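A.B. asks: Here is what each chain is made of, one letter per residue.
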Amino acid sequence: MALQPCTEIPTAKTSPSAPVQALPVLKERGQREVFCGLTGIVWLHRKMQDAFFLVVGSRTCAHLIQSAAGVMIFAEPRFGTAILGERDLAGLADANDELERVVKELLDRRPDIGTLFLVGSCPSEVIKLDLAKAAEKLNHRYFPKTRVLNYSGSGIETTFTQGEDACLGSMVPVLPAKETEEPALLVVGSLADVVEDQFKRLFDKLGIGPVAFFPPRRASDLPSVGKGTKLLLAQPFLSETVRMLMKRGAELMPSPYPFGIEGTTAWLKTAAEAWGVEGEKFDEAIAPSVARATLGLERYKKLLQGRKAFLFPDSQLEIPLARFLSRECGMELIEVGTPYIDRMLMDAEIDLLPPGTALSEGQDVEKQLDRCRAARPDITVCGLGLANPLEAEGLSTKWSIELVFSPLHGYDQAADLAELFVRSSERRRRLSV
Amino acid sequence: MELTLWTYEGPPHVGTMRIATAMEGVHYVLHAPQGDTYADLLFTMIERRDRRPPVSYTTFQARDLGGDTAEMVKTSVREAYERFKPQVMLVGESCTAELIQDQPGSLAKSMGLPIPVVSLELPAYSKKENWGASETLYHLVRSLLLQQVPPPNTDRPDRDPAIRPKANIIGPTALGFRCRDDIQEVIKLLGEIGVDINVIAPLGAKPDDLMRIPDADFNICLYPEIALTTCKWLERSFKQPTVKTVPIGVGATRDFLAEIGEVAGIDVSAALRRSQDDTLGNWDAARISSSANPGASRLPWYSRSVDSTYLTGKRVFIFGDATHAIAAARIATEELGFTLVGIGTYSREFARQVREVAQQHGVEAVISDDYLAVEQAVAEAAPELVLGTQMERHIAKRLGIPCAVISTPIHVQDVPARYSPQMGWEGANVIFDDWVHPLMMGLEEHLIGMFKEDFEFAEGHMSHLHTAPHQTGEPAAAILSGEKATAVAVAEPLIANDDSKEIAPDPGDVVRWTEDGAAELKKIPFFVRGKVKRNTEQFARDRSITAITVDTLYEAKAAIGQ
Chain A
1 MALQPCTEIP TAKTSPSAPV QALPVLKERG QREVFCGLTG IVWLHRKMQD AFFLVVGSRT
61 CAHLIQSAAG VMIFAEPRFG TAILGERDLA GLADANDELE RVVKELLDRR PDIGTLFLVG
121 SCPSEVIKLD LAKAAEKLNH RYFPKTRVLN YSGSGIETTF TQGEDACLGS MVPVLPAKET
181 EEPALLVVGS LADVVEDQFK RLFDKLGIGP VAFFPPRRAS DLPSVGKGTK LLLAQPFLSE
241 TVRMLMKRGA ELMPSPYPFG IEGTTAWLKT AAEAWGVEGE KFDEAIAPSV ARATLGLERY
301 KKLLQGRKAF LFPDSQLEIP LARFLSRECG MELIEVGTPY IDRMLMDAEI DLLPPGTALS
361 EGQDVEKQLD RCRAARPDIT VCGLGLANPL EAEGLSTKWS IELVFSPLHG YDQAADLAEL
421 FVRSSERRRR LSV
Chain B
1 MELTLWTYEG PPHVGTMRIA TAMEGVHYVL HAPQGDTYAD LLFTMIERRD RRPPVSYTTF
61 QARDLGGDTA EMVKTSVREA YERFKPQVML VGESCTAELI QDQPGSLAKS MGLPIPVVSL
121 ELPAYSKKEN WGASETLYHL VRSLLLQQVP PPNTDRPDRD PAIRPKANII GPTALGFRCR
181 DDIQEVIKLL GEIGVDINVI APLGAKPDDL MRIPDADFNI CLYPEIALTT CKWLERSFKQ
241 PTVKTVPIGV GATRDFLAEI GEVAGIDVSA ALRRSQDDTL GNWDAARISS SANPGASRLP
301 WYSRSVDSTY LTGKRVFIFG DATHAIAAAR IATEELGFTL VGIGTYSREF ARQVREVAQQ
361 HGVEAVISDD YLAVEQAVAE AAPELVLGTQ MERHIAKRLG IPCAVISTPI HVQDVPARYS
421 PQMGWEGANV IFDDWVHPLM MGLEEHLIGM FKEDFEFAEG HMSHLHTAPH QTGEPAAAIL
481 SGEKATAVAV AEPLIANDDS KEIAPDPGDV VRWTEDGAAE LKKIPFFVRG KVKRNTEQFA
541 RDRSITAITV DTLYEAKAAI GQ
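Protein chains in written order, with the UniProt record's numbering: chain A, 1 to 433; chain B, 1 to 562.
Hints in this document: simulated from the structure, not taken from any laboratory.
The structure presented is a predicted model; accordingly, all values stated were derived computationally and were not measured.
Where a beta carbon is used, it is the ideal one built from N, C-alpha and C, also for glycine.
Errors might be hidden in some of the hints.
To be verified - Subject to a maximum C-alpha distance of 30 Å in a straight line, what follows is the list of computed DSS-like cross-link-like pairs (lysine-lysine):
| no. | chain 1 | residue 1 | chain 2 | residue 2 |
| --- | --- | --- | --- | --- |
| 1 | B | 188 | B | 166 |
| 2 | B | 531 | A | 47 |
| 3 | B | 127 | B | 74 |
| 4 | A | 47 | B | 522 |
| 5 | B | 85 | A | 301 |
| 6 | A | 230 | B | 206 |
| 7 | A | 128 | B | 74 |
| 8 | B | 397 | A | 104 |
| 9 | B | 85 | B | 74 |
| 10 | A | 301 | B | 523 |
| 11 | B | 523 | A | 200 |
| 12 | B | 531 | A | 302 |
| 13 | A | 281 | B | 531 |
| 14 | A | 367 | B | 531 |
| 15 | A | 398 | B | 531 |
| 16 | B | 206 | A | 367 |
| 17 | B | 166 | B | 239 |
| 18 | B | 206 | B | 74 |
| 19 | A | 281 | A | 247 |
| 20 | B | 127 | A | 205 |
| 21 | A | 269 | B | 166 |
| 22 | B | 127 | A | 104 |
| 23 | A | 247 | A | 200 |
Claimed, not checked - Selected chain B positions facing chain A (in silico; Cβ < 8 Å):
| no. | residue |
| --- | --- |
| 24 | 61 |
| 25 | 455 |
| 26 | 456 |
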């Protein structure tokens, strides 16, 4: 498996939508303070409880995952690492035999595993272990009791949430084929269960259906895909998955992402138009939710109005969040950093950013920190490696990982989303020691 | 390949980071792929440090592999030197960089920086974190002190008896187990017997401080996993004796003082006597009013008092790094009266010492870094208490056994705000509380197991979680469930809603949850569920809504806030 460049920016545009404003993008290279794709395991193991994630990598990989997730105590671990030893590197041990032994040991211990992901890492990719082939071989042996899939979460190829993209991408080929060509909606991207249910109710109200969510709550309940499948993306970081779904005949409905009232409305509208829902019916269906969200958002808007935000690159959620913060909360954007920009999935959002927004792609962390310190933003969205150090310098921070781990999509979470950005300065206000 | 659900140690470069982060004026350039910066979080989050670790990563990506990754190393070294101006630079590689063999250490050394550059060769596929830390400390100290080493067979001049002896404390690092407070405790112990501190390293030391190491009369090897290699080299090169007893536990602390007495040629009998006399807690006024209350632990008396009788013979399984496991075995058996039913370590370098302890107690030592092997050993030994690492918490949860943490690996809860050493007299106090605490919980669980129909101690609830009795049809009761259930802080609404008034529930209250409303409420995280329920019901009452639907729930949420 050849190593692909990590930040390929496809230029293919799927819809002749409004011309994209030519926001200049600062492209930086240097030290990147980001997670690798293995981190996706931290939430994916909860989303799909019948799955197990076996990283093939080094002790560093094992250490990363347990440092992130090990604060929770697991009676039954749902992830692990097959740690490469010197014998594996020297080619003294046949990688396939070794994997087979390790997988057998694991499945003996955990016979209830329905889907096993073999997750590639930097070491396994550099020494070119063919995990795809290994997965195929193991499948022959364990399917249908356990399905074995493979994706790479390596740092050299993936950044943080791209791990979910790679994981979902590995599931696309095994999704069942759609039996009819009738339109069906597929919502793509991990959502909190409660948010999924809210969206499901709204789609029902609008008469949009059938609706399926991907990833499913159990890795064994795979949605079907094919001609007539219309894709609505709940998360902006799913470049690979979307393209694979499109190859299977699905159609992407480009849209802003369902953060905040405006984003959620635009997102639902995209589906409503595809299903030919009348404007009046649409407005009526969303009215109560919009009214509630407006009321809920109001109290936080007052606090965020005119405040300055600086977003460090992390999850690719930065652009949609910046759009929400500026348009719905009245914040001023100092810099919006993102690990990379996929135009096909992001243009609808970039169009909504205020003119002159400073977008940056990639990172040279020291220089970016210099810019951040110089601007003295009211809120800095950044990773946990930077958060406490910046707090100690007197800046309010919002650690970005929480934005991936919390129910923040949709109308009824719009206020919660805004609250996250208020909380840290509010805390500063309250604390007197 | 080795199936690893949990690893007891990180890779060796994390050990190097622990040394670099512990010190000041040292910078570490690490050749590593994008993503390996996760290790910063160990320091900024688990240890809650207020600055970034002094580490620059090259963070190469796939697209760089075709190009000149060696050039990236040079750029990182140059920029790190210019930006941070360290006095010493460490250069090394992570496991992935080891595969592409750019020789970052040699590259950096050839760049003509005006500071010492220490090149680290840490085989990531055969060695681990503590070894990495030990090796880094050794190479760092050796690089800086090699110039000062006297010719062989030079004897160390005798200490002038008029001058107080001076000791180095070697071994405490960033991310060590309770190092921060252990040092304080050891400083007190040394003060009590009239020994001065020369250098504490690496924690808090600068490269200049390392240069002063030879001035001390002897070295205290506080954490052998990190410091023993360095102490041995100092002993060979500068004829400084090493104090090897680790003062964890009352008995070990006494032995520690006695050993220093011998090594430094001072009389420590007064301190030892005090530690024997004075173990009855602090119940008289004279002692309470005295701030100078040196040299005694409460553990001996607490352990002798009658409520500790039920601890006798409790079966305990011990696992951790060798130092803490050996210390724990002694405390557990000689100071708390437990029975040792299993002991083990992941520190292979110290396997022999652990085996000896196991032999004394007639058990087989578990020398392994394989979590599954440890889990199996614990299951077979069927202990009543597990003293282990963060990883044994997983094992103990699975097997339903009380557990306390005595060694790294740890997580954020074991870097507490309060003073919590393991060493010295106060360390023994902390240990008594921490090890006995989960047993109290265990006893409660037994009672729950015996009397299943108790109205208060219901199945699945631990009483320390304050769960309320469950009474149907009484909204106030269910409200309590979860209200005080955990230590998880819940964000109060930031802006008090002026309309919300606390109204006592009316007994004739007829607010009903519809099926879908109740189902939605169950999806709210349990620690806020109670509050959401109460707010929603209040909201419904205020508006004379009798049936609470999903929409009511969210309307209330929107009106009242979180």
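A.B. asks: Now tell me, hint by hint, if it's right for this structure.
C.D. replies: Here's how the hints hold up against the structure:
no.	hint	verdict
1	188(B) <-> 166(B)	14 Å, holds
2	531(B) <-> 47(A)	26 Å, holds
3	127(B) <-> 74(B)	26 Å, holds
4	47(A) <-> 522(B)	17 Å, holds
5	85(B) <-> 301(A)	44 Å, violated
6	230(A) <-> 206(B)	61 Å, violated
7	128(A) <-> 74(B)	27 Å, holds
8	397(B) <-> 104(A)	24 Å, holds
9	85(B) <-> 74(B)	16 Å, holds
10	301(A) <-> 523(B)	27 Å, holds
11	523(B) <-> 200(A)	15 Å, holds
12	531(B) <-> 302(A)	25 Å, holds
13	281(A) <-> 531(B)	35 Å, violated
14	367(A) <-> 531(B)	45 Å, violated
15	398(A) <-> 531(B)	25 Å, holds
16	206(B) <-> 367(A)	27 Å, holds
17	166(B) <-> 239(B)	14 Å, holds
18	206(B) <-> 74(B)	25 Å, holds
19	281(A) <-> 247(A)	33 Å, violated
20	127(B) <-> 205(A)	59 Å, violated
21	269(A) <-> 166(B)	76 Å, violated
22	127(B) <-> 104(A)	26 Å, holds
23	247(A) <-> 200(A)	26 Å, holds
24	61	5 Å, holds
25	455	28 Å, violated
26	456	26 Å, violated
Hints 5, 6, 13, 14, 19, 20, 21, 25, 26 from the earlier list are contradicted by this structure; the remaining hints agree with it.
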